[in-house]
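> The primary structure of each chain is shown beneath.
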Amino acid sequence: MSAVASTSHEGFAEFRKKVTGGGVYAFDICVDRMLHGKLLRSPHAHARIRSIDLRAALQIPGVVSIITGEDLRDLPDPYYGVGLRDQPVIAMDRVRYAGDVVAAVTAVDEQTAFRATQAIMVDYEPLPALMSVAAALAPGAPLIFEEPTRGGSPVLGAGSGFRIDPAPNVLYEYSFAYGDADHWLGAADQVFTDTFDISRINHYHLEPYVNVAWWSGSRVEMWSCNQDPFVLRADISRIFGMPVNDVRIHTPLIGGGFGGKSYCKMEPLLALMARKAGAPVRLALSMDESLLTLVKHPASLTLTTGLDAHGRLLARRARIDLDGGAYCDASTLVAIKTGFRIGGPYAWKAIDSCARVIRTTTVPSGSFRGFGGTQASWASERQMDMIARRRGEYPLALRRRNLLKVGQPFAPNDSGMDCDLAAGLDQLVAQMPPAARKSGRGMGFAIGIKDAGGTGNHAQAQVRLNQRGDVMVSAAAVDIGQGGPAAMCAIATQALGRPFGSATYAAVDTEHTPPDNGTHVSCATTITGLAVEAAALDARAQLLAFGAARLGCAAADLELEGWSLRHGAELHPLEPMIRSYYGGVGWEFAGRGSFKEPYNPATPMGARNVSWMPCWSGAEVEVDGETGQVAVLRLVVGADAGRALDLGACHGQIEGAAAQAFAQAMFEELRYQGESPANATPLTYRVPRAADMPAAFSSFVAEHGLGAGPGGLKGIGEAGMVGIAAAIANAIEDACGASLTRIPFTPERVLEALDAQSSNICAASK
Amino acid sequence: MTIPVSLVINGKTQAFDVGAHHVVADVLRERFGLTGCKVGCDQGVCGACTVLVDGAPVTGCATFMFAVDGREVTTIEGLGLDGALSPVQQAFLAAGAFQCGFCTAGMILSVTALLLRDRDPDEATIRQWLAGNICRCTGYNAIVEAVRRAARQVAEAS
Numbered sequence: 001m002s003a004v005a006s007t008s009h010e011g012f013a014e015f016r017k018k019v020t021g022g023g024v025y026a027f028d029i030c031v032d033r034m035l036h037g038k039l040l041r042s043p044h045a046h047a048r049i050r051s052i053d054l055r056a057a058l059q060i061p062g063v064v065s066i067i068t069g070e071d072l073r074d075l076p077d078p079y080y081g082v083g084l085r086d087q088p089v090i091a092m093d094r095v096r097y098a099g100d101v102v103a104a105v106t107a108v109d110e111q112t113a114f115r116a117t118q119a120i121m122v123d124y125e126p127l128p129a130l131m132s133v134a135a136a137l138a139p140g141a142p143l144i145f146e147e148p149t150r151g152g153s154p155v156l157g158a159g160s161g162f163r164i165d166p167a168p169n170v171l172y173e174y175s176f177a178y179g180d181a182d183h184w185l186g187a188a189d190q191v192f193t194d195t196f197d198i199s200r201i202n203h204y205h206l207e208p209y210v211n212v213a214w215w216s217g218s219r220v221e222m223w224s225c226n227q228d229p230f231v232l233r234a235d236i237s238r239i240f241g242m243p244v245n246d247v248r249i250h251t252p253l254i255g256g257g258f259g260g261k262s263y264c265k266m267e268p269l270l271a272l273m274a275r276k277a278g279a280p281v282r283l284a285l286s287m288d289e290s291l292l293t294l295v296k297h298p299a300s301l302t303l304t305t306g307l308d309a310h311g312r313l314l315a316r317r318a319r320i321d322l323d324g325g326a327y328c329d330a331s332t333l334v335a336i337k338t339g340f341r342i343g344g345p346y347a348w349k350a351i352d353s354c355a356r357v358i359r360t361t362t363v364p365s366g367s368f369r370g371f372g373g374t375q376a377s378w379a380s381e382r383q384m385d386m387i388a389r390r391r392g393e394y395p396l397a398l399r400r401r402n403l404l405k406v407g408q409p410f411a412p413n414d415s416g417m418d419c420d421l422a423a424g425l426d427q428l429v430a431q432m433p434p435a436a437r438k439s440g441r442g443m444g445f446a447i448g449i450k451d452a453g454g455t456g457n458h459a460q461a462q463v464r465l466n467q468r469g470d471v472m473v474s475a476a477a478v479d480i481g482q483g484g485p486a487a488m489c490a491i492a493t494q495a496l497g498r499p500f501g502s503a504t505y506a507a508v509d510t511e512h513t514p515p516d517n518g519t520h521v522s523c524a525t526t527i528t529g530l531a532v533e534a535a536a537l538d539a540r541a542q543l544l545a546f547g548a549a550r551l552g553c554a555a556a557d558l559e560l561e562g563w564s565l566r567h568g569a570e571l572h573p574l575e576p577m578i579r580s581y582y583g584g585v586g587w588e589f590a591g592r593g594s595f596k597e598p599y600n601p602a603t604p605m606g607a608r609n610v611s612w613m614p615c616w617s618g619a620e621v622e623v624d625g626e627t628g629q630v631a632v633l634r635l636v637v638g639a640d641a642g643r644a645l646d647l648g649a650c651h652g653q654i655e656g657a658a659a660q661a662f663a664q665a666m667f668e669e670l671r672y673q674g675e676s677p678a679n680a681t682p683l684t685y686r687v688p689r690a691a692d693m694p695a696a697f698s699s700f701v702a703e704h705g706l707g708a709g710p711g712g713l714k715g716i717g718e719a720g721m722v723g724i725a726a727a728i729a730n731a732i733e734d735a736c737g738a739s740l741t742r743i744p745f746t747p748e749r750v751l752e753a754l755d756a757q758s759s760n761i762c763a764a765s766k
Numbered sequence: 001m002t003i004p005v006s007l008v009i010n011g012k013t014q015a016f017d018v019g020a021h022h023v024v025a026d027v028l029r030e031r032f033g034l035t036g037c038k039v040g041c042d043q044g045v046c047g048a049c050t051v052l053v054d055g056a057p058v059t060g061c062a063t064f065m066f067a068v069d070g071r072e073v074t075t076i077e078g079l080g081l082d083g084a085l086s087p088v089q090q091a092f093l094a095a096g097a098f099q100c101g102f103c104t105a106g107m108i109l110s111v112t113a114l115l116l117r118d119r120d121p122d123e124a125t126i127r128q129w130l131a132g133n134i135c136r137c138t139g140y141n142a143i144v145e146a147v148r149r150a151a152r153q154v155a156e157a158s
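So the sequence lines, in the order shown, correspond to chains A and B.
If you count the first sequence from 1, position 130 lands on 130 in our numbering, and the numbers rise without skipping.
If you count the second sequence from 1, position 1 lands on 1 in our numbering, and the numbers rise without skipping.
Possibly wrong hints are sitting among the right ones.
[Stated by the list, open to error] Restraint ranges, calculated between C-beta atoms of paired labels, are given here:
#1 A:Met121 / B:Pro4: 37 to 43 Å
#2 A:Ser216 / B:Ala155: 55 to 61 Å
#3 A:Ala134 / B:Ala124: 40 to 46 Å
#4 B:Leu81 / A:Gln673: 24 to 30 Å
#5 A:Gly62 / B:Phe64: 20 to 26 Å
#6 B:Phe64 / A:Pro148: 50 to 56 Å
If you are wondering where the hints come from, they were derived from the structure by calculation, not from laboratory data.
All C-beta atoms, glycine included, are put in the ideal place defined by N, C-alpha and C.
If we strip away everything but chain A, and leave its shape as in the complex, we get:
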């Protein structure tokens, strides 16, 4: 069977819409009497709001209403965040970063709303800004929050621990340990301690944050670009104190997200704007505002790693500081995943890791493709090379000696490794032709890894099969560019034995769609896919039972062959059989399916990880020793799809993630200058363009067939993000000896590292 041909892009109607301009995004939604919103944002990193004078703004013709913190008073729970809820729907008495939303204007059009924001007078009392982790942790630093944090930690299990508000300006601390790290580090033949830093980047999704909301009576309806419709529904329900069934979310196509559109952001504020205005309101942020909404966590990671005399890894201690920015967002999860994943794809006697989230007066950090895995893999895979070089061995030899084997658990009681890490490494190396040894050229490798599929995740699905054999798949996996709906249709039609082209993916609408936990953490093909497969098999069973009743035989005696039932030598076409029995417009066999990964307190995450997502990464670079310029000549990145439903889509996911990781490694960064971002505009925040990519940039899709999803598949959406930076830094060291421990690899840092190297050599020769 050619899975590729049968699920090709040409065969899927939604894909065709994307090349004809016919695809509908939240950006395109327009409803009658629709008003428009604009937000006023704080220019200060940290200030108390003394007063807000709306009089002049409200007098502008066309202004309908304005929301400020005063309007939150009658909301039962006006805060959001994952686990811990500290972000108010709009600033109440205080702003905590330059960009914090202070007022929200609703007017007849965007121009008027914008003018009104400029007419609002806010009297601020500036407070000391805490622009770095060091400043936030300094003794006597002012508190960014004076009250204890609301909410609780996400689910955790054996070996994991947490503390909420453990120290001033520290939001959350996650600890993870197994084995006796003190003992094994003490017993180690060699112990190395190194510190690594990673920078702040933004998602830069091209479709801005955009939502349209309106109320009818006590119910609110929203067209949203959010990638987690049921999470959003639950948040709005909680914040407004209304039943979930009074909140209806429609999710059309999403114009990119990469984590930026997960969990709740400005949607509750929009619901409040629409309620106060008494009319539908569209709130489309500008890209400048997207840059001020969420970033990936900058972090500093100190790893202490011990090995025995044979070069076997024994124990690792990790101390990780994540800059969480002003509000929690998904920081709890990011701390958990960074701390948990710090061991990388290797076997250990002991791990002792602690990841803290420190609050600073900067843009909130949160979910970004591969979160935790990016930070942990960067530090871990960079240190692996540094250790190998110090030991005088080939870095790949050190890796191969210590890799987890197929089936070996990543951590005690967790699921086993569901791919062959060594085979993937061989496949990578085979695609990296040895370069002519040339001064300034070098090669580097890394194996990033993260778990995928979420913790204790669940999904439900419905598959409807009509009298013609047409298939309607209904599930909450949204199309954010990954081709989720096409994958769901492929899974359903494979289970039913129907052609791919016979399937349609139903619009996602919380009023009709069976729920899931959100399209994130690379879970859709696995978790929602299992629910869809079960629903398809249920529909198939109903069809066979119907046929058995009509033919007076057992369902087990029937085979589905094309759109007919085979009963021994007889072939019975289904459409006439169904029509003759039901008449009318026909009939649908509606199958239901679900999947739930059970909670299991014996596992570190509180449930077994559903799948594992390695990122085999290789880079070849050329470094100019005079200028410090690094040219990435070749970049190869591979991931394991278990079983590929659409090879092209898999390559696209891997390469797209790798492009983001490449840019973060080389140049992309949201920089601060004083209390405000220096480059939070579309022009000055530089993302890669076509000509910026390495001259040779390719990917490979491993199909090790061991995934937990239908037919051994598993998600790969985040894989490409987690190994690239370390591979490039490892290649730079191979090329010229410059040992980089900070991202991005600017020429200044390369020259600095070269200077440090030559002074080390001078010192050693004295």
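Based on these hints, arrange chain B on the given structure of chain A.
Just chain B now, with coordinates in the frame of chain A:
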């Protein structure tokens, strides 16, 4: 202040009045329902709103409507004939040269303009030409492949 304009949009002559501050993307989307023209950055940087004016790509968000008076504007909806895809659209579909699709219309129009100028562009030319169109999803390989496919298809058809 309103300004009368007369121009051809996707092959059809249109005469109407516009405000001096109205930009092409907003008029196409709001007046003509041509929502295939997406606005990403709204600052002429990302290229999602690219449309063709007399065959040359311009950013619809940063071009005043009065500036295209008397010209011929082509949007993604104007490519292809009678429901058939243009060679570039077909190549993007076949190569899977899109993910979220928000940049795709602009990308396809840019490539259409490139192939009008250079029927056999090499990879460096393709990548340089696409400097005005950001794709945050794909990493660009599939897009470059689609351009090659489209070039082959155009060459075979002529």
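> For each hint, tell me whether it holds in the structure or not.
For each hint, the structure was consulted:
1. Checked against the hint of 37 to 43 Å, the pair Met121 (chain A) and Pro4 (chain B) passes, with Cβ atoms roughly 41 Å apart.
2. One distance hint, 55 to 61 Å for the beta-carbon pair Ser216 (chain A) and Ala155 (chain B), holds here, with the actual separation near 56 Å.
3. A beta carbon spacing of about 45 Å between Ala134 (chain A) and Ala124 (chain B) agrees with the range 40 to 46 Å that was offered as a hint.
4. In this structure the supplied range 24 to 30 Å is violated for Leu81 (chain B) paired with Gln673 (chain A), their Cβ-Cβ distance being about 52 Å.
5. The beta-carbon spacing between Gly62 (chain A) and Phe64 (chain B), approximately 23 Å, falls within the hinted interval of 20 to 26 Å.
6. The supplied range of 50 to 56 Å is met by Phe64 (chain B) and Pro148 (chain A), whose beta-carbon atoms lie about 54 Å from each other.
The structure shown violates just one earlier hint, number 4.
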